[in-house]
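J.: Sequence:
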Amino acid sequence: MESLLFFWFSWILWVLISFFYEKSLARFYLAAAVLVGMIVYPLSWSGESYTVPFAFGVALITAIVWAGNVPKKRWLALIVCALSLMFMYAAIELAYWFSPVIFYAHDVWVPAAAIFFLTVFVYRYRDSRYPLAMLALCFGELLTGWVLVPLREGLFIADALFFNRLTAVLVLFVVWHMIESLVQRAGQYQHHSRRKKVTLSA
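1 is the number of the first residue of the sequence shown in this note's numbering; add one for each residue after it.
For the record, the hints were derived by calculation from the structure and aren't laboratory data.
Treat the hints with care, since some could be wrong.
Here are the in silico distance ranges between beta carbons for each label pair [said to hold, decoys possible]:
1. Gln190 <-> Ala91: 37 to 45 Å
2. Trp45 <-> Trp176: 29 to 37 Å
3. Val147 <-> Gly187: 39 to 47 Å
4. Trp14 <-> Ser99: 32 to 40 Å
Glycine residues also receive a C-beta, built at the ideal position from the N, C-alpha and C atoms.
Based on the provided sequences and hints, a complete structural model is requested.
T.: The following block contains the structure:
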């Protein structure tokens, strides 16, 4: 039942990217990752003491390759922000295990909103926010899984809840990116109209 939310978010994300997103490198990576992720979602690499979904590998590899295509002058900021968000996500995830108070917070939207808002306010490069958030969530999930090995008696990472959070974050980023683009276009249109009026009056 929890997987339905992932597929619902994924289809919304794919529709927004395919029909309403401008053509860019971000559009290619997101569309490819979403489609491949949905296809391999039921598959996993598992044994007695470990489980790693193939979709997690798709998300992690996409984030690493995408981050590698980011201009080199942004790498330092991207790495620092990714590490900070990774530890924050791991802290939130561990709080759901050990803190009785945080159980009152929504387990999908609270972590997703925290990652989204911090990324938007800390990192100003729009197209690079996607790999940044994906890196933070994937490595944060790995860190959480490693810490919880004694409790789980194995390395079990990226359950349905993780993918719900990941797709929720990406949906928020796509919607925010579209809003920023509309505001920017509106500002450019107003500026062009003012210049045209000044030219005509002269």
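J.: What hints, given by number in increasing order, does this structure fail?
T.: Going through the list in order, the structure violates no hint and respects every one.
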